[in-house]
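Given these sequences and hints, build the entire structure.
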Amino acid sequence: MIEIVSPSRCTACNICVRVCPSNVFDIAPGAPPIIARQDDCQTCFMCEIYCPHDALYVAPNAEGPVAITEEEVERRGLFGSYARALGWKDGRMGGTREDTTWELRATLDNRKKSGS
Amino acid sequence: MDELGEDRQVAIAAAILKGPVFARLDKASTNEREMLRRGQPNCFLPYDRQSIDPFRDKFELTLRCEGTVRGVGGIRISGSRCETDIAGLYAAGDVASRQDLMGAISGGGGPNASWAIASGIMSGNAASDDAKRKRPTRDARSPSPLRSIAMRPSRQGSDQASGKSPSSSPTPAEIVAAVRTHMLPLETNFYRSADSLAATRASLADLWSGLPRDENGSERGSGRLPVTPETVKHREAVAMLACARWAISSAIVRRDSRGMHRRTDFPEFRKDAPTRIYSRGLDTIEVSDNGEEWSAAR
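Line order of the protein sequences matches chains A and B.
All residue numbers for the first sequence refer to our numbering, where the first residue is -10 and numbers rise by one.
All residue numbers for the second sequence refer to our numbering, where the first residue is 187 and numbers rise by one.
Please keep in mind that the hints were generated in silico from the structure rather than gathered at the bench.
It is possible that part of the hints are untrue.
Said to hold, decoys possible - With a straight-line cut-off of 35 Å between C-alpha atoms, the simulated DSBU-like cross-links for lysine-lysine are:
#1 B:K213 <-> B:K244
#2 A:K78 <-> B:K213
#3 B:K244 <-> A:K78
#4 B:K244 <-> A:K102
#5 A:K102 <-> B:K457
Stated by the list, open to error - In silico negatives: residues of chain B with every beta carbon more than 12 Å from chain A:
#6 I198
#7 D239
#8 E269
#9 D271
#10 S443
These numbers were taken from a predicted model, which means no experiment stands behind them.
Quick reminder that beta carbons are idealized off the backbone N, C-alpha and C, glycines included.
Now the structure itself:
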């Protein structure tokens, strides 16, 4: 579930409010969006990867909130970590060319053929 | 193990019913680990954020529902532009049935993502062509109740139909929780049988009859209803219950096993069984194996 909108990173562009498919956020004029309906979060990570400033953190537990602080997310380098792993940058799509799944398939097929 | 990993799912389900099941990916070579990480970052995110090294640490497994819950079932597509049987309504993505693409299994990420993009483009083009040709009717602009099911939970004494007190009208969260209770357990929905399906069907029917009724709801266009977050959530919960009823009604008449539908009382795939099962209706559900001749679900 969405856990953190970092006030120090957020520029109140409200992109996360728009990309959220389940209307979790409320806009606050001139301030970071408010997590108004955390229970409605589907843990889809859209808000996090579309954020141009790596200001959001979504915890992988979809069943309920977890106790995690902005300090811990910052210390562990988790802000923007999923976007970086995907190859997204500044809230923009990317990384498709780095996808090695096709190669992996070939490796597994070879392994099956050689019977190991 | 077969190509789709079907045996693996069955083995895991059987083990989970006996107790916790753990895995670790320690058989992957260094090269494969790197390729897995680069190709499937989404799969590693839950591990990384919980400080689990899946190539070294044991982590607990669970199974997630797909099939008639997500991934195969959906609104029946009746043409090549994602048309439905309702004029002017087009379906896309998870909402639209992709049985013609995937048969009785879920597509997984690749086919499902392709379907989302393709059906989005097809339905979007068709709908915009429609919009260019004609002005929307009043019905298209303002939502009306689904037959007698109210657009929102009842607050005061509008619940005479079921003879219950207003306080017994379930909230959206209660409806969703109840549907999960009946649809998620492996015991009743990973493995299905006539008995378990009949019990689920009866429980879901009770839930449905307990929904708040709208006395004017059966009349078309009876007053314009405001779309608020509250009415949307209520409608979503009611739709989820309707989908569960369709899924179970279809599963009852599919008397063989195929893809993700596993009947303990009909464990074999039967070539002569119907290719498709369709279901429809709200208060009364009907099923069909050809989409043309319908009979009441029993």
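The hints, checked one at a time:
Of the pairs offered as hints, the one joining K213 (chain B) and K244 (chain B) holds, with about 13 Å between alpha carbons and a cut-off of 35 Å not exceeded. For the suggested pair K78 (chain A) and K213 (chain B), the alpha carbons sit about 33 Å apart, so the restraint of at most 35 Å is met. In summary, the hint linking K244 (chain B) to K78 (chain A) is supported, as the alpha carbons are separated by about 32 Å, within the 35 Å threshold. Restraint check for K244 (chain B) and K102 (chain A): the C-alpha separation of about 29 Å stays at or below 35 Å, so the hint holds.
With a C-alpha separation of about 30 Å, the suggested pair K102 (chain A) and K457 (chain B) falls inside the 35 Å cut-off, and the hint holds. Taking the minimum C-beta to C-beta distance to chain A, about 19 Å, the non-interface status of I198 (chain B) holds against the 12 Å cut. The non-interface label for D239 (chain B) is consistent with chain A: the shortest C-beta to C-beta separation is roughly 14 Å, beyond 12 Å. At the 12 Å boundary, the C-beta of E269 (chain B) stays outside the reach of chain A, the nearest C-beta of that chain being 24 Å off.
Listed as outside the interface, D271 (chain B) is consistent with that label: its C-beta sits roughly 26 Å from the nearest C-beta of chain A, beyond the 12 Å cut-off. Residue placement check: S443 (chain B) keeps its beta carbon more than 12 Å from all beta carbons of chain A (closest about 26 Å).
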